[in-house]
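Colleague: As a plain string of letters, each chain reads:
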Amino acid sequence: MRIGSAKDSYAADQALFDSRTQWAWVGVLTVSLVVFPFVAGDYWLYLACLVAINIASACGLNILTGYTGLVSLGQAAFMGLGAYTVAVLENRLGTPFLLNLLAGGGVAMLGGVLVGLPSLRVKGLYLAIATIAASVLAHFLFANLTITGGAAGLSVPPAEFFGVALDTSFRLYWLIVPVTALLLIGAANLFRTRIGRAFIAIRDRDISAEVLGIPLLRYKLLSFAVSSFYAGLAGGMWAYFFRVVTPESFPLIMSIFFLAAIIVGGMGTILGSILGAVFMTLVPEVLKLVVGWLPLANATLVLSPVRTIVFGALIVGFLLFEPHGLAEVWRRTRRFFHLWPFRT
Amino acid sequence: MNGFDWLYFFEVSLAGIGAGGLYALTGLAFVIIYKATRVVNLAIGEMLMLSAYIFFAFTAGMQLPAWAAIALTVAASALLGAGFERLLIRPMLGESPISTFMVTVGLASILVGVVELVWTADPRRLPEFMPGGAVMIGQAFVAPKVFYAFLVTAVLIALVLGVFRFWRGGVALRATASDQAAAYSMGIDVPKVFSLSWTLAAAIAAVAGILVGAIGGISSSMGVFGLSVLVVVIVGGLDSIVGALVGGLLIGLIESWAAAYLGGEYKLLATFCVLVLILLVRPYGLFGTHEIERL
Numbered sequence: 001m002r003i004g005s006a007k008d009s010y011a012a013d014q015a016l017f018d019s020r021t022q023w024a025w026v027g028v029l030t031v032s033l034v035v036f037p038f039v040a041g042d043y044w045l046y047l048a049c050l051v052a053i054n055i056a057s058a059c060g061l062n063i064l065t066g067y068t069g070l071v072s073l074g075q076a077a078f079m080g081l082g083a084y085t086v087a088v089l090e091n092r093l094g095t096p097f098l099l100n101l102l103a104g105g106g107v108a109m110l111g112g113v114l115v116g117l118p119s120l121r122v123k124g125l126y127l128a129i130a131t132i133a134a135s136v137l138a139h140f141l142f143a144n145l146t147i148t149g150g151a152a153g154l155s156v157p158p159a160e161f162f163g164v165a166l167d168t169s170f171r172l173y174w175l176i177v178p179v180t181a182l183l184l185i186g187a188a189n190l191f192r193t194r195i196g197r198a199f200i201a202i203r204d205r206d207i208s209a210e211v212l213g214i215p216l217l218r219y220k221l222l223s224f225a226v227s228s229f230y231a232g233l234a235g236g237m238w239a240y241f242f243r244v245v246t247p248e249s250f251p252l253i254m255s256i257f258f259l260a261a262i263i264v265g266g267m268g269t270i271l272g273s274i275l276g277a278v279f280m281t282l283v284p285e286v287l288k289l290v291v292g293w294l295p296l297a298n299a300t301l302v303l304s305p306v307r308t309i310v311f312g313a314l315i316v317g318f319l320l321f322e323p324h325g326l327a328e329v330w331r332r333t334r335r336f337f338h339l340w341p342f343r344t
Numbered sequence: 001m002n003g004f005d006w007l008y009f010f011e012v013s014l015a016g017i018g019a020g021g022l023y024a025l026t027g028l029a030f031v032i033i034y035k036a037t038r039v040v041n042l043a044i045g046e047m048l049m050l051s052a053y054i055f056f057a058f059t060a061g062m063q064l065p066a067w068a069a070i071a072l073t074v075a076a077s078a079l080l081g082a083g084f085e086r087l088l089i090r091p092m093l094g095e096s097p098i099s100t101f102m103v104t105v106g107l108a109s110i111l112v113g114v115v116e117l118v119w120t121a122d123p124r125r126l127p128e129f130m131p132g133g134a135v136m137i138g139q140a141f142v143a144p145k146v147f148y149a150f151l152v153t154a155v156l157i158a159l160v161l162g163v164f165r166f167w168r169g170g171v172a173l174r175a176t177a178s179d180q181a182a183a184y185s186m187g188i189d190v191p192k193v194f195s196l197s198w199t200l201a202a203a204i205a206a207v208a209g210i211l212v213g214a215i216g217g218i219s220s221s222m223g224v225f226g227l228s229v230l231v232v233v234i235v236g237g238l239d240s241i242v243g244a245l246v247g248g249l250l251i252g253l254i255e256s257w258a259a260a261y262l263g264g265e266y267k268l269l270a271t272f273c274v275l276v277l278i279l280l281v282r283p284y285g286l287f288g289t290h291e292i293e294r295l
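Line by line, the protein sequences are chains Z and P.
For reference, each letter of the first sequence is one residue, going 1 to 344 in the UniProt record's numbering.
For reference, each letter of the second sequence is one residue, going 1 to 295 in the UniProt record's numbering.
Just so you know, not all the hints are guaranteed correct.
[Claimed, not checked] With a straight-line Cα cutoff of 30 Å, these simulated DSS-like cross-link-like pairs (lysine-lysine) come out:
#: 1; chain 1: Z; residue 1: 123; chain 2: P; residue 2: 145
#: 2; chain 1: P; residue 1: 267; chain 2: P; residue 2: 192
#: 3; chain 1: P; residue 1: 35; chain 2: Z; residue 2: 288
#: 4; chain 1: P; residue 1: 35; chain 2: P; residue 2: 192
#: 5; chain 1: P; residue 1: 267; chain 2: P; residue 2: 35
Honestly, the hints are just simulated from the structure, not real lab data.
Bear in mind that the values here come from a model prediction, so they are computed numbers and not experimental data.
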């Protein structure tokens, strides 16, 4: 039983992890992340990389939508910008992959700022639809510029790290998971600074935030920039992971997927981005298993529509019954164990 | 303008107006829901698609005559619309508009899945039920289906406008739209108006779905039509019926011109460029009400 925790300094109160128990769990998590690739099979490593990429992008979207309150349906387009930047740099210049990733993030960031520009004049759903416009424009550019290889897209050579080609899931794991971990720690720390608090103030009521002296346009653009930087990095990792980038790789449904992930996980929490991305990435895999078990004649034919239905039902179900998402479920569970044997 | 083919331009424009009529009709369904309930219904394209498939089931599956199938489809869709409102939208009352918007996104996904599960993802053709003779306006040729679809659309839009103007339910709808609290205190059953708006919109979407399906065939990706409709209502203003009509025709024309003179892949691009322009110049659309916010 661990009821409450006494804090006797501001530093303790502000700490990311505030108790020994939590530090212990962080240690366990780190060790298991390090051990995981040595014990897991190829399929699980593949999933782990995919999940990590999705976590990075979902976390970016959560900064924009969950924390700043600006709904965006353009996350996939920003990922596309990052992925194409990486692909073009890798093909044309052959620059080192870390530089490419950062450049991908940077280009996506520019795109994000550009898309964010109308955000001072329009908000809410108008903005959401303006971001759909951005993704349509991005798709058009990807499909019609010569540098992006048109409809056929570009293939990406594997990233190289001191002469070792990162061409298997096992090797890529050591690139993708640390980058994602860094991004997550960065996001968690962002909300302990004045910038992060300004984002939250804008979400809660943008007019009051402006009255309090927060320059709205600057912070909204900043939020777009950070969010699309995350998306760009995620897109870059995506490009190295799948090694081919086409205009069809980043459809509108992918943006909806990320929005769904943060709804399911929990808007405005870092943990929510992680849980949501893990959950939404793994559900289709679980479905594949379940549909495989069912005695159906045409299981593969049924799979895709069932997936679409479950995807929609998850969005609707969480919004109706658990609007704060899995993060809230997790919080309740934790509370239960903290207070046990008392009733919560 | 030497060598500019005016006849071709005229024909392209007519086709654009024909398509625009369907956009306007679907935009109308969208605006009715938004006006009464403040819900942005992203699933409008998918509701339209579902109706087209229901019509397909009645005509091709059960071999009903077209007029009976149309009536049954409209009734079934209206029922479904009321059901969606009751099951999914009503519990979201008082939640943020974004959450409700996402519920309709989920609904759209469910509808696509259901249609693919029942009818598979392969495109189908609806049986012919419109007169097929070529239609000439002046010297210009208009595809007969587009022409008759436009006629039906125009009649239906006039009907809906009349309903809004004179029928008690329509008046209640307008009253709720302009001030919910006041409507409540005047004895209008606001929840009933909510479900009425969804029923009406679903019925209109059903007709639009049948017409769109008759012209271009039906497939589970028909919901993309809804994306253009979204542009239409944003350009016209989310809460303006006139806006939906003007925006529909405008977007129809622009898409048609872009497709004819630049190529098919420019269609969506052109509409979204117009959208961005309008958003920058008039953020609340051409005819939308500008909401003034105070602390």
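Colleague: Does each hint hold? Answer for all of them.
Modeller: Status of the hints after comparison with the structure:
1. For the hint pairing residue 123 (chain Z) with residue 145 (chain P), the CA-to-CA distance comes to about 39 Å; that exceeds 30 Å, so the pair is violated.
2. The suggested pairing of residue 267 (chain P) with residue 192 (chain P) is violated, with an alpha-carbon distance near 39 Å, which exceeds 30 Å.
3. Restraint check: the Cα-Cα separation between residue 35 (chain P) and residue 288 (chain Z) comes to about 42 Å, which exceeds 30 Å; the hinted pair is violated.
4. With a C-alpha separation of about 14 Å, the suggested pair residue 35 (chain P) and residue 192 (chain P) falls inside the 30 Å cut-off, and the hint holds.
5. The hinted pair formed by residue 267 (chain P) and residue 35 (chain P) meets the criterion: a straight-line CA distance of about 29 Å does not exceed 30 Å.
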